[in-house]
Structure formats: C-alpha cells, structure tokens
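With the hints as extra help, turn the sequences into a complete structure.
Below, each chain spelled out in residue letters.
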Amino acid sequence: MSDIQFWTLVFIFLSFAVYIGIAWRSRVKETAGFYVAGQGIPTVANGAAVAADWMSAASFISMAGLIAFLGYDGAIYLMGWTGGYVLLALLLAPYLRKWGKFTVPEFVGDRYSELVRTIAAGAAILISFTYVVGQMRGGGIVFSRFLNLPVAGGVGVAGAIIFTYAVLGGMKGITWTQVAQYTVLITAYLIPAAAISQTFTDFPIPQITFGQVLGELNALSVEFGLNSYTQPFTERPQLDIFLVTMALMIGTAGLPHVIIRFYTTKSVRGARYSAFWALLFIALLYTTAPAVGAFAKFNILEGLGGTPVDELPEWVGNWEATGLVIVNPDADTIESISNNPAEGADITVDNDILVLANPEIAGLPAPVVGLVAAGGMAAAMSTAAGLLLVISSSASHDFYFRRIKRGHATEREKLLVGRLAMAGAVVIAVIGGINPPAFVAQVVAFAFGLAASSFFPIIVLGIFWKRCNAKGAAAGMISGLVFTATYMIWSLYVSPGSTVLGISPEGIGTVGALVNFVVTILVSRATPAPPAQLMEFIEEMRYPATSRRQTKG
Amino acid sequence: MSESNHAENPDTSWREEYWKRNLRLMAILLAIWFTVSFVFGILLVEQLNEIVIAGFPLGFWFAQQGSIYVFVLLILIYAKRMDRLDVEYGVDERDQNGDRS
Numbered sequence: 143m144s145d146i147q148f149w150t151l152v153f154i155f156l157s158f159a160v161y162i163g164i165a166w167r168s169r170v171k172e173t174a175g176f177y178v179a180g181q182g183i184p185t186v187a188n189g190a191a192v193a194a195d196w197m198s199a200a201s202f203i204s205m206a207g208l209i210a211f212l213g214y215d216g217a218i219y220l221m222g223w224t225g226g227y228v229l230l231a232l233l234l235a236p237y238l239r240k241w242g243k244f245t246v247p248e249f250v251g252d253r254y255s256e257l258v259r260t261i262a263a264g265a266a267i268l269i270s271f272t273y274v275v276g277q278m279r280g281g282g283i284v285f286s287r288f289l290n291l292p293v294a295g296g297v298g299v300a301g302a303i304i305f306t307y308a309v310l311g312g313m314k315g316i317t318w319t320q321v322a323q324y325t326v327l328i329t330a331y332l333i334p335a336a337a338i339s340q341t342f343t344d345f346p347i348p349q350i351t352f353g354q355v356l357g358e359l360n361a362l363s364v365e366f367g368l369n370s371y372t373q374p375f376t377e378r379p380q381l382d383i384f385l386v387t388m389a390l391m392i393g394t395a396g397l398p399h400v401i402i403r404f405y406t407t408k409s410v411r412g413a414r415y416s417a418f419w420a421l422l423f424i425a426l427l428y429t430t431a432p433a434v435g436a437f438a439k440f441n442i443l444e445g446l447g448g449t450p451v452d453e454l455p456e457w458v459g460n461w462e463a464t465g466l467v468i469v470n471p472d473a474d475t476i477e478s479i480s481n482n483p484a485e486g487a488d489i490t491v492d493n494d495i496l497v498l499a500n501p502e503i504a505g506l507p508a509p510v511v512g513l514v515a516a517g518g519m520a521a522a523m524s525t526a527a528g529l530l531l532v533i534s535s536s537a538s539h540d541f542y543f544r545r546i547k548r549g550h551a552t553e554r555e556k557l558l559v560g561r562l563a564m565a566g567a568v569v570i571a572v573i574g575g576i577n578p579p580a581f582v583a584q585v586v587a588f589a590f591g592l593a594a595s596s597f598f599p600i601i602v603l604g605i606f607w608k609r610c611n612a613k614g615a616a617a618g619m620i621s622g623l624v625f626t627a628t629y630m631i632w633s634l635y636v637s638p639g640s641t642v643l644g645i646s647p648e649g650i651g652t653v654g655a656l657v658n659f660v661v662t663i664l665v666s667r668a669t670p671a672p673p674a675q676l677m678e679f680i681e682e683m684r685y686p687a688t689s690r691r692q693t694k695g
Numbered sequence: 244m245s246e247s248n249h250a251e252n253p254d255t256s257w258r259e260e261y262w263k264r265n266l267r268l269m270a271i272l273l274a275i276w277f278t279v280s281f282v283f284g285i286l287l288v289e290q291l292n293e294i295v296i297a298g299f300p301l302g303f304w305f306a307q308q309g310s311i312y313v314f315v316l317l318i319l320i321y322a323k324r325m326d327r328l329d330v331e332y333g334v335d336e337r338d339q340n341g342d343r344s
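Going line by line, the protein sequences match chains W and D. For what it's worth, this note's numbering labels the leading residue of the first sequence as 143, then goes sequentially. For what it's worth, this note's numbering labels the leading residue of the second sequence as 244, then goes sequentially.
Accuracy of the hints is not assured; some may be wrong.
[As the list claims (entries may be wrong)] Straight-line alpha carbon distances no greater than 25 Å define the calculated SDA-like cross-link-like pairs of lysine to any residue that follow:
no., chain 1, residue 1, chain 2, residue 2
1, W, Lys-408, D, Thr-278
2, D, Lys-263, W, Trp-241
3, W, Lys-608, D, Thr-278
4, W, Lys-608, W, Thr-669
5, W, Lys-608, D, Met-269
6, D, Lys-323, W, Thr-669
7, W, Lys-243, W, Glu-256
8, W, Lys-556, W, Phe-366
9, W, Lys-408, D, Ile-320
10, D, Lys-323, D, Thr-278
11, W, Lys-608, D, Trp-257
12, D, Lys-263, W, Arg-609
13, D, Lys-323, W, Gly-182
14, D, Lys-323, W, Phe-606
15, W, Lys-408, D, Asn-265
16, W, Lys-243, W, Leu-268
17, D, Lys-323, W, Glu-682
18, D, Lys-323, D, Leu-291
19, W, Lys-608, D, Asp-342
20, D, Lys-263, D, Ile-275
21, W, Lys-408, W, Ala-425
22, W, Lys-608, D, Arg-258
23, W, Lys-408, D, Gln-339
24, W, Lys-243, D, Arg-337
25, W, Lys-608, D, Gly-333
26, W, Lys-243, D, Glu-336
27, D, Lys-263, W, Leu-422
28, W, Lys-408, D, Ile-275
29, W, Lys-608, D, Ser-256
Keep in mind that the hints were calculated from the coordinates and are not lab data.
So, in structure tokens, the structure goes:
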C-alpha cells in the first residue's frame, strides 16, 4: 500500500466514524424530526448543511478543471450556481418557511390543487433521482481512484453509510452530518489551493493572486493554439451564456432538495439568515475554484509545454496509471494539450484530475492527498443524502399518505413509511450508481432546466400574485416542462447539434420558465380567482410573525 | 397556518405599507443582482475587459469573482433590512421569553 492509499484510508475511515457518531446522537422519534429536523436547526449550522447539500461531487472534483479548460466561459457555472441563492433568499425561502409544511409539493398542493401537487411530487422525484445517481457514482469513483477498489464496492460502501444516518436520523441526522461534511470538504479544498497560490505568487489567498498569472496564461494559451483564457464567448455565443447562466440560477432556486432546507430553520428570520450563511459558505469554494483552475492550467501549460516526453514531472506518471492523463505514444515533445481524448493531442488531461492532483502538483505531502479524497467523498455523500430525503418524503408524504391513505395514519406509521421509503430510495440509488444509465451525466445538467421551467415560476407567482390559481399553475407547469423537454430531446437526440439562435439545451430552461410564467398568468386571468380564504392564507404568509405586536405608532 | 387576528385588529393598511416597502427593497437588490452578473459579467464583458486591475480584466473579474461577492452581500443586506422592517411593523418573531428567534 502506498503512502497516499494509507492516508486516504485513514481520513475516509475517520470521517465516516464521525458521520456515524453524529447520526447516533441525533436519531429521531417523531415525524417532524424526520422530515424537517423539528424546525430547530440554528441558522449557521443550517447554512453549512445547505452548502454541503448543494456542493456535489461535481462541484468539488470537476468544476475547477472544467473552468481551466473553458476559461471565461466557465463563469456560467460560477455565477449560475451562486446567483440562484439571491432569488431563493428574496423570493422564496422566507415565505415558504412561514407557510410551514414538509415538502415543496405540499406547498403547491395547498396553494393550488391536488393535481398540481401530484405533478410536483412526480417532478421532484424525477429530478432528485437523476441527480442522486450521479452522486453515488461520484462517491464510488473517489473510492476506486484512491484505493483501487472496484467502483461497485465504493458505491456500496457509500450507500451503506448514507443508509445508516439517513434512515436513523432523517433530516435531523442528515443536517448535522452535513455540517461535519462541509467542514471536511472546505478544508480539503482550501489547503491545497492556498499552497498553490503560495507556490506561484508567495501569497496564500488564491482569490487575490490568480490575476497575476492571467496575462502570461493568455499568452501561453495562444502559443499552444488554444483560446486566450480571459477571452469571452469562445465556447458558447453571448446569448447562450446569458441564458445558461439564468437557467442555472432559477433552476437552483427551483430545486426541491435546496428549497426544502429552508423549512428546517426556527423562524422566517432564520430562513433569511440561513440563505446568507449558505451562500457565504458556498462562495468560499466557488471563488477559490476559478483560481485553482487558472493556476492549474498555467502550471500544466508552462510545466509540460515543449517538454520531451521522457522528462515529464512525476505526477504525470502517477496519474497516467488511472487513465486520467494520457500521453500520446506518438509524441516526442508536448506541443498540444486537451481535455478531450478524441482530439488526439500530445497530452490529454481529464477535467477531474486538476483538483485531485493539485496537492501533488504543489508538492504537498501524502496526508493532504488523503484529506482531498475524504473531501470528495463528503461532497458526494452530503448531496446524495439530501436528495434521498426529498425522494422519500415526496414518495411517503405526497403520494402514499395523500393518495393512498388519504391522511388517516398514525405518527408511528408515518415515521415507519418515511424510513422504508428512504431505505428503498438508497437501494435504488446504489443500483443506479453502479449501473448508471448512459444519459445520466447529461440529465444532471438538464435537471436544472426542468426545475427552472416547472417549479420556480409557479412558486414565485403563488407567493407574489394572489390572483394566480390552480388551473393557471397546472397549465403553466405542464407547458413549461413540455416545451423545455421537447427542445432538449430535439436538440440532443432527434437532430443532434441543431439549435435555434445558438441556444443550447442547457439554456432552454430560461425560455421554458418564461413560457411557464406567461401561460400561468394568461390562464389564471381567464379563469376564476382562488377562494377568499386562500387569498387570506397567502396574505398571512407575507408577514413573519403569527400575530402583530402592538407598535409604538 | 396560524389563526388570523383580524377581529381584534381590523386596521390592515399597515400590511400594504409593509409589503410595498418589502417589494421596493427586493426590486433594488434584484436590480443590483442583475447588473453585476448579467450586465457587467456578460453583456458588457468585452468593454470592461479593457480595464485591467491587479492582473484581472474587469469584466472577467465580475464574471468569475465579483458577482459572487456581491450576491453574498445582497442577501446579508436583505436580511438586515427586513429585520428592521419587521420590528417597525411589529411582525418580528418572538419566542416565549420575548427574545428574537
């Protein structure tokens, strides 16, 4: 066993022990604890949990590498996956918390109708499931790369751990575990980043220093026949950059596993501050990622470019063994670099290795590499657990009890069904993670488009426009979903590569959301207003306190 | 949902006022949100990139760094402002001891 494998085992074992310990301490006995952690999570902790829930294996492992190869255009992910929290904090979180139910479908069910609720529950399960399969896979890949275990074994172990704390503690267990997971993942991300910044610029804050290499990086990129790094719109046209960024933002604000987290706070005020803490914690990683991307790209271009193949640095050989770095057997010296094996460049570097290989590139010792592996696992598991909770709560709460039991169930029965649904979801996720359907990678990106075009518009209108009614919402949600899905299927499968005005399938969710808004408004106007009692409920939702205190005035 | 207390407090004009001020604050913050990300980071990125500060072309900086810092600040400002607004209109949440929750 190599040093790196030893330390990886140590860190993964230690972190898993912590998660299980937390789960045991926070096991729950009542439904409110299982679904919304008894609405007793302090705001800072809730913020950290949201951040861990939000930052997936893809954010942790792949994003910096993706940005390194996209240059400016990587900003779609940076802005898209952070800007949505502003929408969440201002438009959704406080009001949904005041409404005070367990799930997103439950809100739209109360606000609109049982039909809308059922559509929403189905969409929530579909979106969460496509997303969770990618996470299980991500966890398994960390295992296989660092420990040379088969992916199936890795997925199985990750599933077993999640099973233990999710089934035992429900939302409460998941939330406190996520706080620990956030700590692990952010430490694992920041230490190598600071070290790399120190190596290149003698100052350890990468957000400030990576500007210093941008000029040289642009020059080197052009020399290698790549696009200038800071040059905008090299990968996508301007209109598409705009639409993809918007789709990711409103998709974020519409994702059920993110929205549900704001139900767990103590108060409306707590929901607002939770959004702040969450984005602050997320921003720590999201402002570091572009710096890591730029430094890593600079290092690769400068360190490998023009180097004879037999004089390449040691880390290249180490990672070649994993198949993530491929040196073209026909090359003598490195003259071209790519992240796509199909291009047949002299050296091909996978997006995923930049973060994982960072500690080695920066010459950090083996324990740090082990920590990074534990960070990747934490990112994958925390996201998977949050998604599994949405699946089980939608299945048990919105389908089983509403449609089948019609609300006649005891507390014990509710908790048992919640746990069984969770167990079932974990098993399906493990099977999906071991044999992922071929389209999973694409579908995860499209989950945002679907969330953007289905949930976001009708929830926002439901809060801010009292006149909005059930018929409007059902029509809007269906037309938004159908429009978006049709364009995606057309552009991907029916006539691959074709677009209208250069709008990619990732960006179409923005247009789909507009369609949803317009249809909802038109149909609502053409049909009768909601009942007066419901209007009063919506009115109540807008003010944090349950009753007004006498003010001086 | 809680019971409405209309019977004892029939004057609801404060509600409109509170809601209007909330909406105004929201509109201002969302305008800033749109400006730093979509205007500075995407629509005007090429023009702003002519300005370089500490090695960062300005448009590129807004797209990959600046907009994210502003997003965090916007939420903080919103939460703080709404705290004040809630107190002013007497709709802030108190626990049994009368402390803010």
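Quiz item: Checking against the hints above, which ones are violated?
Solution: Of the numbered hints given earlier, those the structure breaks are 1, 3, 6, 8, 18, 19, 27 and 28, listed in rising order.
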